[in-house]
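*Asks:* Here are the chains, one letter per residue:
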Amino acid sequence: MSFTGPLSIITLVPLLSGLILLVLPNVLPSDISMRMKASVRNVAIGLSSAIFLLTTLIFVGTIGQIDWLSIGMGDYVLETEDPVWLIESIGVTWHLGTDALSFPMIWLTTLLIPISMLVQWDAEDGHSFHSLLLIMEGALIGVFVSLDLFVFYIFWELTLVPMFFLIMIWGGEDRKYASMKFFIYTFTASVLMLVGILVMYFNTVADPNYAGTLTGHHFNLVLMTEQSRVDGLINSEGLRHFVWLLLLIGFATKMPSVPVHTWLPDAHVQAPTAGSMLLAGVMLKMGAYGFLRIAVAMFPESTLTFVPLLVFLGMASLVYGAVVCLGQTNLKRMVAYSSVSHMGLIFLGIATMQPLGFAGALFMMFAHGIISPLLFAVAGSFKHHYHTLEIGSMRGIAHHSPFLAGHMMLGWMGSLGLPLLAGFVAEVAIMIAFWMTFGWWVLLPALTLIFTALYYLTSMQKMIFESDDPHIGKLPDTMHDEEPRDVTWHENAGMFVLGVLTILFGILPFIFWDMMSVWSTEFIQTYLVHAMNMLEASP
Amino acid sequence: MNEQKNQEWNLLVPLAPAIALVPVLVVMGVEPIDLGFAAIAAPLAMFPVVLLIGQIWNGNEKWVSRFKEGGILALSALSVSLIAGLWMVLDFLGAGEKKVHGDPLTWLDFDVLRYDGTQWNIDAGFTNISFGIWLDPISAMLLFVATFLCFLICWFAIGYMTTDDINSNRNHRFFAEFILFSMGMFGMVLADSFLWLFIFWEIMGLCSYLLIGFYYWKESAAAAAKKAFMTTRVGDVFLMVGLLMLYDIYGSLDFAVVFDNPSTGVGEAPVKASELQPALLMLFIGCVGKSAQFPLHVWLPDAMEGPTPVSALIHAATMVNAGLYLVARMVPFVDVDYYGVMGMEDLGIIIAWVGGITAFMAASIAFVQNDIKKVLAYSTMSQLAYIFLGLGSALYLMSTGHRYEGLFVLGGALFHLFNHAMAKGMLFMASGSVIHEMHHAHHELHHHDGHGQHDDHDEHFDAQDMRNMGGLASKMPVTSIAMMLGSMSIIGIPLIGGFWSKEAIIAETWLGALEYEPLLLGPAILAVLTAGMTGFYMSRMWMMTFAGEPKHNAASHVHEETLWIKTPLITLSIVTATTGALLAFFHIGEFLSSKDYSMGLDDLDVTKALQIAFLPEKRTLMAVGYVTIALSTFVGPIIAMKVHGGSLKEGQEANVAVSWLVSLSAAFKTIDVSGMANSSLSDSLRKRLHFDDLYDWGISKTIAPMAKFSAWFDANVIDGIVKLVERTSIQGSHWIRTYTTGSTRDYILMAAVGALSIFILIMGVTI
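First to last, the protein sequences are chains A and B.
Here the first sequence stands for residues 1 to 539, where the numbers follow this note's numbering.
Here the second sequence stands for residues 1 to 767, where the numbers follow this note's numbering.
Check each hint, because a few of them may be wrong.
[Said to hold, decoys possible] Residues on chain B that point at chain A, a partial pick, calculated with CB under 7 angstroms: (1) Phe110; (2) Asp111; (3) Leu206; (4) Lys226; (5) Tyr247; (6) Ile249; (7) Ala707; (8) Ser710; (9) Ala711; (10) Ile718; (11) Asp719; (12) Val722.
Honestly, the hints are just simulated from the structure, not real lab data.
Being a predicted model, the structure only gives us computed values, none of them experimental.
Just so you know, even glycine gets a beta-carbon here, dropped at the ideal spot from N, CA and C.
Extracted from the complex, chain B is given alone in its bound form:
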């Protein structure tokens, strides 16, 4: 078995030329910034190749065993992007510039007519739409996240997808769509204009739709795909309107033009907040849709119908960050110390509120989820909401002139984006590993029991249901460690990953609320509560899966994972465990927040960051910080252990890294909560607070009848009139035909009447 697996490393040989491509390009004299084109082009070019070859060689032995149904090709395309991305980021860091902008290519060339008060003229102030590569600290960070995670998760997917019978001969479609998605993500991150950002944004939306519906024959998957596309579409339409408004204000959508001086628009006209703020709010609605925030959040949990690598990549680590990225891009508009527009405070407050509400709502729904992926989905929603909260506070603080604090929380929010992407990508892969093994164990059991055919398994068994798991810590050491580290990072256990960034967000929001704007107090309180809730539901997930005794026969028969699955887990575990150190050594937060705006920020460093998080000057803030730590690190997890903890089955042992946690949970286990599960609150939480029902009801009461009525109206009224004209003319001619009597007398009479009428007419006209 192991030998066979080791041989699989040979399959990676095709990656070698791909990895060599970027250095060759550089040697040939390609500018590092232009490597962005290669990062986008490689997956784009590979997409049709994988799709078409896969369709033609469907089921071919070599295609399956050597190319993993296109997985290897996809991986090699992504390795080009990875190397290009790394090269660009390193070059950028080394050069020490604030931003790099490649030469844009003109895409659409056109003219705009403007009334200048006296006459209409072609206005030269409007620039054309072009496409170029733009790299600044924000996009550099996201570029790293995107290329790194796309590569790792594609690697994981080769192990996850190609061993499932149900997928056989279909995986080429998966890998093709996967790399098309990657192309969209790289493009969005690197694009140098809002329009191209939107274009790639939509491409990602398409791929999300296709991949959620990968198991298209499942009614739930097809419905979830449609729901995801439609919900994000609602946001996207507003986003598009926002783009139109921005274009009208600035005469361009290029970052270079817009950010050059956001307070003067086309023709040096000063930009009014009353024009800009609605535009940015429109953009924000798009972000709400894409990042699954209240009230457009309903699609994300359903999106878990897609294969787990898709959930890991698209619905946790990359695409859902698009909205955050766009909001982060709004910072220059409000930065009043640096050409920002005055009077934009409301924007930040609205964003912070949306973030606060979503964080709390999603965390509370996560309490009652039993599907391991759904827990993670709600957790994603909740964590993204944290980032929105941070960005909202940053926008608010900046728009009121508190630049120092604003930049700090901006850095914190973006760092949280980084931490969350790494941890959540890993958590989803770990959950995928669990699901995969549960599924196989269940499968094998049935074979051994002689239950027969492979399609004929227990319909009621759900490999994703945590109530079937338990005690997996002994069977899956790598997965359990990865899951533990990921959960710790999400919870914010001190010194691990997400702790740093979450503290920064909460502390600064409280600062804004207490010092400047009481309206921020709401989101600030919600954020602290959510921190404790996160501690509970993430611990609950881990306990239910890995601690206690197996609750289903399948759970006691799982095996260890393949190398395809283990490698990315180990890699990301290391990243997650060390991001705290990253913060200290590479000054990530400082880099993210200050590089683009270096004026007066030289004194912002890590010690300062730690001080703001742990030892703020204000007592109240210090209290908030420690309350947060207490809630998330102690209260939440301990309650989870009380409810769901438990020791492993007799004779089973977990490895050292997680056994302490298992025994700790066994020590705390006291409460039975079956009574609470039936309360009306948990019932409505299970029904996701009835949002989905409400939307369904609304649509069935408005759009459906309207469509039916319109179809009827068109067929019977509008076309009815046409048919009426037709009928009347037929009847009229029938009537006229009755005068064709054939009798000479009638004809003479008619001729006489006719002649008389003509005569009278002529007389009348001449007189």
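Just chain A, same shape as in the assembly:
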């Protein structure tokens, strides 16, 4: 199970094939290259669909016969068994594995890639566009599957590259600024995270199998977590807190949490639709994933010490994000801020230190991963067909674009937490846990739900409803007498899949919820309860 395991395949195949598809048309003679360019999108969507199928087969148990309901934190499935050295001298290995925290994210990634390809099926220079999306897929999956912090970090930074080009080349008018800001901002934050990772690295004890021949340390996440659970990874409490904060900066920027969130609206507004979908759907979740996997798991005492900080960050993102949403006039910007707001709930869920809250945070990562791409696909369609994202520049669009209006309705309702849609499950779970831990403070997130409903309804009312004439409505000035149209078949298909999944996971959340719940309980019992009891004992 080295490079041929299923996880290696779903990571490396899209990465390599994406690279090949990107480079090959540019080096081959022009006539072959022309024909190839035309078929790249077919190959890309075929490949990514095959990977989605493979991942689904892993989930249902056809491949690997995995019992997902018995995986706690620390147990990994599909784990590569023997260390495969990448850099032997410093202890870097190809070590993959997945569990209930990462698998839903992997499944989500493999799902969103073909859908985002479908939504932007007609992208200009599609041969590079779709192959960049494939590279993106490999990098994103790599983040979630690698259990070696060095490789994790490589993939973490690798995700920036295709996204940078997606924004830079296919973005809106202000794309240069946005892509540079996106790259430098998040890169700076992750460099701080790297410092934290290196400090952890130099505190690992030599392991006969994984330690580097030169340094005597290793990047193995599993061993590090085990070491931290048994002996504590870093002895000095101050250094532990420091490392924890460094990690937090890296992850909170990615999430993003207020106050390090301002790269997100710029990046989203300028990014192409597919880029936005992946950015909101998966890339933001990397922050929450890394935070749970590394910061919380390795430094439980620090996490408990900084719970007030987490609550503050979560509250700030949630409440402030929602209020800022209300003041936005650009549809995509509003949706971007709503992502900030929803990500705040994840921090709140973690801060509750309840299995229910953790499971809610995990489900939020997943649910937001389905709903927010739908929101961005809708926003992208507005941009595509009506050439503007200005809220209020058009009215009564529901008449011209009934399908677009329908998708908008479903997505908006899902995002504002309507029951029987995916987001509600996460919201209610986090709320229950929050009440149990923090009592009346729950009123703040609860009242924010009113704001959330307010900005979503207002934006909907000002775009698809309300016009003097049922047959015309008001078209935006940017249309220039163009005939208004509904979404194209491929946009429709992509949004349809996301909409159906939003409903499906709202009615049957236990498909993923059960494994998340088991994992969360195990996590808290194994890693946090000890620290919590210590904290209670010392007044």
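Starting from the known structure of chain A, arrange chain B on it as the hints suggest.
*Replies:* Using the frame of chain A, we list chain B on its own:
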């Protein structure tokens, strides 16, 4: 014309398999309680079918004529629910059990960590969230109301919606949302836990939003939809917080767990009133929002922007009852004779006050409304408030140990819910019939006048304005009878429908006020006053619409209704007229109040109920009862006749059932009130006592500037700092670049300075 209409019965053929489905299921061995799943699943499954087929076959000839744009499909789904609901209710009544609980399905599985004083442990006392079917007298009654009215009003809607040009090719959306709503209502009634009650509650809220905004291009409709959603959302958020608190107390939200013994919470810990009462008050705020009570009442009148069948179903007969249902569910918490928690008196008093205030306020605003649907909307609000008042009194009486009286008024309140749903559903359908025909008459007139295009009609003509109507009694016999019976039931004319239940509520509230708690006196007085006011405004509505001479050309050209519209009206007329008999023969009030709590209540029967209403032992109560009857039956209607009565146009004749009323009104007609209409009181009543203005002002002064400021703050301060860092670093590198002079001398100097600094540093560190 008639032949064509008769042929339309063929369209009902698709209903046959739907009607047969439930008996087949039963024969196959499905437990009657599990039919609840079928009742919920049928409309849920039909929803996407109608929506998608409608979108694809939009405008298709057969789809329009044979399927009524999905109406027939919707009706067949609702007939499955109707049969399932009836079957369940009959089975329940026959079995004579107190409650039936189907096997719940686990929905969410999770663990909860609790600190037990020494360490943190996984607490096994918390159960998971599951979904099952729960049937007890309250939900059985509501299940009947919901399935019966959903079916009838869908039937009505086929006639009402599909004949309007303006709706053409859009009705599939109406019917799809209609059955999704029905699903929500059935689900809420049948759900076996507070969480699922809330989930379906929200689904109904969504459908209410979608259906109010059905004419989405109308600015007023879109705004009304948003207002409805937002206002109820405010309540719902508190409701959700209440659920969290309940969960924390009981470790579960299942009725089976919570009601098993409401005085002990999770881990057998005794429940304190100081914890439970805030939780229930939070739930009550949600009820206030959903049932449009003061101060969250502002959305209901605006909600009349929706198509009339929607007003009939959602905003009169079913969804607005959700709040009442939830309050009725609170009874076991306070029932101190039966595991209730001590010290919860305040809850009932607060609920009663909210009810009393709303009843009076809504009735007074209804005085000045000219829109026929708005009158009914305020009347709905006012009647719902009566029920809240009754429930509040019940909660109060029970929490102080007066179980007998408490159960009696609980039964009365729930019976009023039943009566009101039937009567108000019918009234709205009747008003829809009037509006529909007015609209068409107006339309045709314009065609005959050669005024041309069909979009080009008189902008100022309002088919809902009663000032354009009058004298319709001769043209619309069925509608006028239905409207009369419905109004009588709402007013509480003795022996008809709502009379029984209203008397019970008022009498028991007075009993509570006089005997036990002076604080209840306020709502009690308001209730009596409102009874008289109800008599006035309901009579006024009838007189303005059906008596007198036509006040607009269109009103003299209305036709009779189609069978689609007539059938439900006739059915409900019969129900409304006979609920008094229902009370006597089927012991409805007794059933509602006592079945779940049969201890010591065997002597509560109908004669007892009548005695409490008419011949109470206390003189004061008897006086109250007769004053109420006098006000509502005589004073209110007679004043209405004096102001708005009048005989029909010469040569026109109403049918026997209503002609007596018309002539009576003509006999009383004396006063001209145009002067009073301009007083400042009626002006502020017309402005709905300025609540809407106040809320708008509040929002524009707080939320709007806050949002604007935050957007500015984010773009200029938070992002400004980022940009500042960016600018500084660019400038810094520019500055550093100026040292790249290219002159060897400078470089040697810099190298020397650098070396020196390093040397000093090293020296400093080593020493």
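*Asks:* If a hint holds in the structure, say so; if it does not, say that too.
*Replies:* Evaluation of the provided hints:
1. A hinted interface residue such as B/Phe110 counts as satisfied when its beta carbon comes closer than 7 angstroms to some beta carbon of chain A; here the least separation is about 5 angstroms, so the hint holds.
2. A cut of 7 angstroms between beta carbons decides the hint on B/Asp111: the least distance to chain A is about 4 angstroms, and the hint holds.
3. Satisfaction of the interface hint for B/Leu206 is found here, the shortest Cβ-Cβ separation to chain A being roughly 6 angstroms, below the 7 angstroms cut-off.
4. Evaluation of the B/Lys226 hint against chain A yields a held restraint, the C-beta minimum of about 5 angstroms falling below 7 angstroms.
5. At a threshold of 7 angstroms, the smallest CB-CB gap from B/Tyr247 to chain A is about 6 angstroms, leaving the interface hint in force.
6. This hint is violated: B/Ile249 has a C-beta 11 angstroms from the nearest C-beta of chain A, more than the 7 angstroms allowed.
7. A hinted interface residue such as B/Ala707 counts as satisfied when its beta carbon comes closer than 7 angstroms to some beta carbon of chain A; here the least separation is about 3 angstroms, so the hint holds.
8. Hint status for B/Ser710 relative to chain A: holds, with the closest Cβ pair at about 5 angstroms, below 7 angstroms.
9. With a cut of 7 angstroms, the hint placing B/Ala711 at the interface with chain A holds, because the nearest CB-to-CB distance is about 3 angstroms.
10. Restraint check, B/Ile718 versus chain A: the minimum CB separation of about 5 angstroms is within 7 angstroms; hint holds.
11. Hint status for B/Asp719 relative to chain A: holds, with the closest Cβ pair at about 4 angstroms, below 7 angstroms.
12. About 5 angstroms separates the beta-carbon of B/Val722 from the nearest beta-carbon of chain A, less than 7 angstroms, and the hint is met.
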